[in-house]
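Here is how the chains run, residue by residue.
There are 4 protein chains.
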Amino acid sequence: MGRGRSPRRAGERLGMSPGRLEAFSDGVFAIAITLLVLDLQVPDPTEGNLAAALGDQWPSFVAYAVSFLTIGIIWINHHAMIRRLKAVDHGMLVLNLLLLLFVALLPFTTALMAAYLRESSGEHLAAGIYSGSCLLMGLAFAVTNRYALIVRPGLLATPVSDARRRAILNRAIAGLVPYATATALAVVSPYVSVGICAAVALYYALPFAVGGQDPTAAST
Amino acid sequence: MGRGRSPRRAGERLGMSPGRLEAFSDGVFAIAITLLVLDLQVPDPTEGNLAAALGDQWPSFVAYAVSFLTIGIIWINHHAMIRRLKAVDHGMLVLNLLLLLFVALLPFTTALMAAYLRESSGEHLAAGIYSGSCLLMGLAFAVTNRYALIVRPGLLATPVSDARRRAILNRAIAGLVPYATATALAVVSPYVSVGICAAVALYYALPFAVGGQDPTAAST
Amino acid sequence: MGRGRSPRRAGERLGMSPGRLEAFSDGVFAIAITLLVLDLQVPDPTEGNLAAALGDQWPSFVAYAVSFLTIGIIWINHHAMIRRLKAVDHGMLVLNLLLLLFVALLPFTTALMAAYLRESSGEHLAAGIYSGSCLLMGLAFAVTNRYALIVRPGLLATPVSDARRRAILNRAIAGLVPYATATALAVVSPYVSVGICAAVALYYALPFAVGGQDPTAAST
Amino acid sequence: MGRGRSPRRAGERLGMSPGRLEAFSDGVFAIAITLLVLDLQVPDPTEGNLAAALGDQWPSFVAYAVSFLTIGIIWINHHAMIRRLKAVDHGMLVLNLLLLLFVALLPFTTALMAAYLRESSGEHLAAGIYSGSCLLMGLAFAVTNRYALIVRPGLLATPVSDARRRAILNRAIAGLVPYATATALAVVSPYVSVGICAAVALYYALPFAVGGQDPTAAST
Chain A
-2 MGRGRSPRRA
8 GERLGMSPGR
18 LEAFSDGVFA
28 IAITLLVLDL
38 QVPDPTEGNL
48 AAALGDQWPS
58 FVAYAVSFLT
68 IGIIWINHHA
78 MIRRLKAVDH
88 GMLVLNLLLL
98 LFVALLPFTT
108 ALMAAYLRES
118 SGEHLAAGIY
128 SGSCLLMGLA
138 FAVTNRYALI
148 VRPGLLATPV
158 SDARRRAILN
168 RAIAGLVPYA
178 TATALAVVSP
188 YVSVGICAAV
198 ALYYALPFAV
208 GGQDPTAAST
Chain B
-2 MGRGRSPRRA
8 GERLGMSPGR
18 LEAFSDGVFA
28 IAITLLVLDL
38 QVPDPTEGNL
48 AAALGDQWPS
58 FVAYAVSFLT
68 IGIIWINHHA
78 MIRRLKAVDH
88 GMLVLNLLLL
98 LFVALLPFTT
108 ALMAAYLRES
118 SGEHLAAGIY
128 SGSCLLMGLA
138 FAVTNRYALI
148 VRPGLLATPV
158 SDARRRAILN
168 RAIAGLVPYA
178 TATALAVVSP
188 YVSVGICAAV
198 ALYYALPFAV
208 GGQDPTAAST
Chain C
-2 MGRGRSPRRA
8 GERLGMSPGR
18 LEAFSDGVFA
28 IAITLLVLDL
38 QVPDPTEGNL
48 AAALGDQWPS
58 FVAYAVSFLT
68 IGIIWINHHA
78 MIRRLKAVDH
88 GMLVLNLLLL
98 LFVALLPFTT
108 ALMAAYLRES
118 SGEHLAAGIY
128 SGSCLLMGLA
138 FAVTNRYALI
148 VRPGLLATPV
158 SDARRRAILN
168 RAIAGLVPYA
178 TATALAVVSP
188 YVSVGICAAV
198 ALYYALPFAV
208 GGQDPTAAST
Chain D
-2 MGRGRSPRRA
8 GERLGMSPGR
18 LEAFSDGVFA
28 IAITLLVLDL
38 QVPDPTEGNL
48 AAALGDQWPS
58 FVAYAVSFLT
68 IGIIWINHHA
78 MIRRLKAVDH
88 GMLVLNLLLL
98 LFVALLPFTT
108 ALMAAYLRES
118 SGEHLAAGIY
128 SGSCLLMGLA
138 FAVTNRYALI
148 VRPGLLATPV
158 SDARRRAILN
168 RAIAGLVPYA
178 TATALAVVSP
188 YVSVGICAAV
198 ALYYALPFAV
208 GGQDPTAAST
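Residue numbers (the working numbering), protein chains in the order written: chain A, -2 to 217; chain B, -2 to 217; chain C, -2 to 217; chain D, -2 to 217.
This list has only true hints and no planted wrong ones.
Intra- or inter-copy, both count: the list cannot distinguish identical chains.
Below, computed lysine to any residue pairings styled on SDA-like, alpha-carbon distance capped at 25 Å: (1) Lys83 x Arg162; (2) Lys83 x Ala154; (3) Lys83 x Ile170; (4) Lys83 x Asp159; (5) Lys83 x Leu203; (6) Lys83 x Tyr201; (7) Lys83 x Ile70; (8) Lys83 x Thr155; (9) Lys83 x Ala137.
These are computed hints drawn from the structure, not numbers from a lab.
Whole structure, please, built from the sequences with the hints as guidance.
Pasting the structure below:
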């Protein structure tokens, strides 16, 4: 994994090869995304109707799909970020760790939101915590990206023009707006809050899947 | 991981190297397959006979083996699919994510099926959900495969003849028939439904393991 | 991961590169070994003395260490097996999947054994299941190894002499004897049964760790 | 993964390539760090106020962050250790396994500490076990590092001067002092004990994240 001669050399001086960082991060992404399934409960066979019991759990199924897509999309973006690097330093490692901390938190905030969405108490807080955790994840991503592009441009594999750096960062920051809105609107309606998070996930996923889109657009 | 010169270049333009996509997908496959064990319950030592309690759980053991093989086989097929690619675009990433969503769901539908298989209520629905989730997984696989072979042939590492593409896709689609049958037959008998899923897993696993088979047959 | 020119070519013909198989298997090993920790219970703070409650759980701690080492050692041996290959075919994939099925089962049989070790009912069965699952894991390993060395020698990266093949297989089979003994002795005493499994783990781990040993001995 | 010609050759003679060991270890690190989230409980919606229930759980959130950073930092140091090697022998594998055993234990000791931190009974023991498990993890790391640097210098990729070896080991041993202090002080105050562990995590993470630091300092 990036143990070839030249990346290794660079890693020797600057702390770790990007391939290594990516492999570890991918592990955390893959585990967090797969742990989401633990939030789905098998209804007790001795208690009534299965269809009704599963129907009652619909927020959990929606939450599973939304969080799965959300982690998947941040994984795609994370890959694009790491791919631009030729080396990583300690600051990058720590910021990336902070990002992973919020990624790994999502199975919890997802379960919390699903458990409270239809309750008459705590539903606003739970939805706020859910969209808030998406916001913090996006924020950690933007900060990490900014670190690589602005604070430590020496880590970049090839020079990136100022205009391009600004464009990349602006896109990362623009991605925070819906999450911030969702977090704020949780006090009004938990459904609206979660709906915005779902829309963000679908927006990044669907249009491209349909095809015809410029394939490079997603990777920057 | 595929960070060599030429695949990297291709990845630069088209979004992500196949090696990266495969490593992440393998992570999800490996985690989902290993999480299946969490469906097995340790009987309470204070409550009666261990042998009887484990015997009572036999659907869980059968379900563990069937789902383990099922995920293992989709993993083998997934590898064959990715191996044909020289690059992946955003559409491929999202379709692959959809496939992984159903793979990661299997520990839940497996536990559900095992919990209800011998019940007198909900057993048809649980078996239908189980074979249905296998069907959706197979469908997502066929769609992803079709995308790579037909919609975006530019992603292929080497040109694949039309006849060969049709053969690969037909095989993927043919693989859906037993799962569709199993899902439909769940209304008749949950045992028949699950039995078909088990037969599919054994069919793909056993004959080759005995040996004498053309080793290339499995990889296409 | 083994995407270099020549191994890729071989993989093209024979199904999958050994590096890919190894990475997936390593994922399952790493997850199974880490899931063992889920068998350790945090005692309820509202119920009496923590030291006593943890002391009561000692079989779980011993079981954690023994199974951790056991999976670790099979992982080391697995690596040595895969390293001898230049390609894998479908039979190899399926046998390897069977091996992983028993590896992934170990967190369950470990928890079962730990829960029943000191009970007055079910303790023999639980210990027998535990050592039996170690036996089946070792058996699956021996069968997979035999497949690569005898049934499909064409998969080997470099020719291995007949004497050496026999030596490797004999060692794998000799490793089954203590597990078979442990399984049989579970009817006599669960402690003896589990003690043998612990001794096997320590035997393979300790002497070498002390140093002075020929480093190549472990890798064959 | 290190399957290139020359590292492979070295691995052939000495047991396993460092890349393979690192990938497996990274898997365990990634899983252990992500399993920490399972310690966070979703409060029962039918029981009172969500905000209060989450507030009551604050030790779990603090524990999550501290242990996440702690595992993250040991992962960074582990990478630096492995990077110095050109091969690993059996002793190295077993010592590394011991290190991973303590890493994988952390989700348990973290949950234990968080559950008891504010209790009036067992809180000293729980905090002592938590800092003690950090101490054992650090100790296993120092022993593994010493093995590679002093006992088996032949495993090193490039010769490391005596002064440098001593400096690396001294740093690893110095890192044990705060954990030993935290373990000892658990009898006085669980808060002080856990506070020291938190301070260690922050000390290694924060200063560098702020920037301006020599990026190579972290990697040795």
